[in-house]
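The lines below spell out each chain.
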Amino acid sequence: MSPDENLNKILLVGNPNTGKSVFFSRLTGTNVTVSNYAGTTVDFSKGKMQIEEKKYEIIDVPGTYSLDPTNRAEEVAVEMLEEGDIVINVIDSTNLERNLQLTFELLEKDVPVIVALNMWDEIEHRGIDIDKNKLEELLGVPVVSTVALTGEGFKELISRLDEAKPGKLEIKDRWSKVGEVVEKVQKIEHRHHTFLERIAEATIKPPTGIPIAILVIIGTFALIYGLGEIIHEEIMEEIIFEEWYLPLVTHVSEFLGEGTVSHDILIGELIEGEIDFEESMGLLTTGIFVPFGVVLPFIITFYFGLSILEDSGYLPRLATLVDNIFHKIGIHGQGIVSVFLGLGCNVPGSLSTRNLETRKQRFIAAALLAIAVPCMAQIAMIFGILGMHGLEYILIVFFTLALLYFTSGFILDKIVSGDSPEIFLEIPPYRRPSLLTVSKKTLMRSRMFIREAIPWLFAGIVLINILYSVGIIEWLGNLTAPIVVGLFGLPKEAISALVIGFLRKDLAVGMLLGLGMTGMQLVVAVTILTIYFPCAATFAVLFKELGIKDLSKAIVIMIITVLIVGTLMRLLLL
Amino acid sequence: MEKKLIDMEVNKSGKITRLNGGRRFIKRLESRGIRQGKKIKVITKQPRGPFVVQASGCQMTIGRGIARKILVDVDFKEKKEDES
Chain Y
0 MSPDENLNKI
10 LLVGNPNTGK
20 SVFFSRLTGT
30 NVTVSNYAGT
40 TVDFSKGKMQ
50 IEEKKYEIID
60 VPGTYSLDPT
70 NRAEEVAVEM
80 LEEGDIVINV
90 IDSTNLERNL
100 QLTFELLEKD
110 VPVIVALNMW
120 DEIEHRGIDI
130 DKNKLEELLG
140 VPVVSTVALT
150 GEGFKELISR
160 LDEAKPGKLE
170 IKDRWSKVGE
180 VVEKVQKIEH
190 RHHTFLERIA
200 EATIKPPTGI
210 PIAILVIIGT
220 FALIYGLGEI
230 IHEEIMEEII
240 FEEWYLPLVT
250 HVSEFLGEGT
260 VSHDILIGEL
270 IEGEIDFEES
280 MGLLTTGIFV
290 PFGVVLPFII
300 TFYFGLSILE
310 DSGYLPRLAT
320 LVDNIFHKIG
330 IHGQGIVSVF
340 LGLGCNVPGS
350 LSTRNLETRK
360 QRFIAAALLA
370 IAVPCMAQIA
380 MIFGILGMHG
390 LEYILIVFFT
400 LALLYFTSGF
410 ILDKIVSGDS
420 PEIFLEIPPY
430 RRPSLLTVSK
440 KTLMRSRMFI
450 REAIPWLFAG
460 IVLINILYSV
470 GIIEWLGNLT
480 APIVVGLFGL
490 PKEAISALVI
500 GFLRKDLAVG
510 MLLGLGMTGM
520 QLVVAVTILT
530 IYFPCAATFA
540 VLFKELGIKD
550 LSKAIVIMII
560 TVLIVGTLMR
570 LLLL
Chain D
0 MEKKLIDMEV
10 NKSGKITRLN
20 GGRRFIKRLE
30 SRGIRQGKKI
40 KVITKQPRGP
50 FVVQASGCQM
60 TIGRGIARKI
70 LVDVDFKEKK
80 EDES
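Heads up: the protein sequence lines correspond to chains Y and D, in order.
According to numbering that gives the first Met the number 0, the first sequence is numbered sequentially starting from 0.
According to numbering that gives the first Met the number 0, the second sequence is numbered sequentially starting from 0.
Read the hints as simulated data drawn from the structure, not as lab findings.
As the structure is a computational prediction, the values presented were derived from the model and not from experiment.
Be a bit skeptical, because a hint or two may be false.
Stated by the list, open to error - In the EDC-like style, the derived pairs of lysine to aspartate or glutamate whose C-alpha atoms are separated by at most 20 angstroms in a straight line are:
{"no.": "1", "chain 1": "D", "residue 1": "Lys38", "chain 2": "Y", "residue 2": "Glu188"}
{"no.": "2", "chain 1": "D", "residue 1": "Lys26", "chain 2": "Y", "residue 2": "Asp67"}
{"no.": "3", "chain 1": "Y", "residue 1": "Lys8", "chain 2": "Y", "residue 2": "Asp161"}
{"no.": "4", "chain 1": "D", "residue 1": "Lys38", "chain 2": "Y", "residue 2": "Asp67"}
{"no.": "5", "chain 1": "Y", "residue 1": "Lys176", "chain 2": "Y", "residue 2": "Asp130"}
{"no.": "6", "chain 1": "Y", "residue 1": "Lys543", "chain 2": "Y", "residue 2": "Glu78"}
{"no.": "7", "chain 1": "D", "residue 1": "Lys38", "chain 2": "Y", "residue 2": "Glu96"}
To be verified - From the structure, some residues in chain Y lie toward chain D, with a derived Cβ separation under 10 angstroms:
{"no.": "8", "residue": "Val321"}
{"no.": "9", "residue": "Phe423"}
{"no.": "10", "residue": "Thr560"}
Even for Gly, the Cβ is constructed at its ideal location relative to N, Cα and C.
Isolated chain Y (complex conformation) (with noise of 0.2 angstroms):
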């Protein structure tokens, strides 16, 4: 940045598990995305702050342990760092001693920096006392306490921007001199083990671990499923829709008069008289019902549910109780991370896989997110197209894509070279999710799915209507019949969906509607609309993430994948 512009970068720095994302939303007023989980900031953020006359530009640089980077997350970290003109360096008070070698690292290049004892708040009880105007004299840089959730002592920190300063030390054997420090400013007195430390041992050993795990699995899905039903059904169809909407857009149908191109884009077409949200296919029914009736309160109570698993800290446990089961899919426990992320939705889960150490563990877990693990937007269609004709069928659809992803995962690790590195995870102490963090978080992700989904919902249903009457879903039905009809035993107009679920899976699935199949077609459809391509947005991730070489690879595995269980499928289930 040039410097006539006044805009001086300030960069967060630190540790995974210091808050730093919390840090930064305070200093900038913007939600982001936060969370007590190694790792869950892989692409950096950026926002702006202003003080009186300065304006700043502050960076949320991804969580690392070392400026000596292991991994892709911990590069970018450590590139970002050519560019600060100041460095905060966050740091969990509760664990000073681990944190301090990140910041002797720092001292040691020629960049400013201020301390900011993060977490101050959790000190106290732990039986910890810091002293930190000792720090600061040890340091030879500013040392400041701060609450990041409360904005306890944002203030002074602000205030002391300005005293922030190069290190510029040269330490012969850093770890000695940390050790050192930290026998000087520290004192720990003993404490009794509280009671979260108690849950802590119980959820990470095994005998009680994977029980606990399981029901905390099935407890948050059920409450996913559970409450984003309700939310759907008596909330946003019955009252919203039903009672409120429809009107409005009879209304707007009577007006434009059936069979015009205005009433055919917007109402779409009219199912025996009557405009139907789910198969009108219009811009105004179709296109607004699936995104705000039927996605988003899954979407609200999936997020609601992740965010209390991520900043609870029960992730990395979760990891590490599953890892044995993911070693043996060339990845390890983190890999779970990607799934959950996934499951919400695949942009972040494929960002996720940065996290990652080798070339090889990307691969796989981004190949097999995009083969066996639909996005909540899709899932929350699946449950309205196979809710009516029963429970089972829903399972059935996720019992085949799970037993697929570790079948698949099972042989990419034999084929694909490389290596795969064991787990290396930090477990973080369990904390108390704030109700608040987690709200507005869940409002974020929300907000970001509206963003993003509804353009891709009216290019998709605008396309469709095209392709439609230009004929060239005919043809191409036509054309694929032998597959779609031939070897997975559907309707050959279903060519229809997965033409569109390039764009948007979840209108592809609504798409499924209407074509007159039976409960078990359905399933089979669903499965196939998962497995065979990623929607657009994913696709470009995954063209950034793995290059063009691995993304061909990647799509050659997922459509020999889908001719092979497509057709199992259907001997088995048709």
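Assemble the complex: chain Y is given as a structure, and chain D must be docked to it using the hints.
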């Protein structure tokens, strides 16, 4: 007596005497507080899976291969106030 971490029992602790590995491996462990001279405690072992250990006041999950490369002096008697 020097033991590999992988051969240690749950709830036992010792002092790290050596990290057997390349420069990168050692740096990676050191940056997270696992280094020579530090006390390390085995919190749990997953059956045929990773170890959960505590060192430098922080819990970590480490794979068995890593646990094999950490050598620990198990006779080391800690001073009471060293408890972390």
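Evaluated hints:
1. Straight-line distance between C-alpha atoms of Lys38 (chain D) and Glu188 (chain Y) comes to about 18 angstroms, which keeps the hinted pair within the 20 angstroms bound.
2. Between Lys26 (chain D) and Asp67 (chain Y), the direct Cα distance comes to roughly 8 angstroms. Compliance with the 20 angstroms bound is thereby established for this hinted pair.
3. Proposed proximity of Lys8 (chain Y) and Asp161 (chain Y) is supported: the alpha carbons are some 13 angstroms apart, at most 20 angstroms.
4. Restraint check for Lys38 (chain D) and Asp67 (chain Y): the C-alpha separation of about 24 angstroms exceeds 20 angstroms, so the hint is violated.
5. A distance of roughly 17 angstroms separates the Cα atoms of Lys176 (chain Y) and Asp130 (chain Y); the hinted pair therefore holds under the 20 angstroms criterion.
6. A C-alpha spacing of about 18 angstroms is found between Lys543 (chain Y) and Glu78 (chain Y), which places the hinted pair at or below 20 angstroms, so the restraint holds.
7. The hinted pair formed by Lys38 (chain D) and Glu96 (chain Y) meets the criterion: a straight-line CA distance of about 13 angstroms does not exceed 20 angstroms.
8. The criterion of a C-beta within 10 angstroms of any C-beta in chain D is met by Val321 (chain Y), whose closest approach is roughly 9 angstroms, and the hint holds.
9. Satisfaction of the interface hint for Phe423 (chain Y) is found here, the shortest Cβ-Cβ separation to chain D being roughly 5 angstroms, below the 10 angstroms cut-off.
10. A least Cβ separation of about 28 angstroms between Thr560 (chain Y) and chain D goes past the 10 angstroms threshold, and the interface hint is therefore violated.
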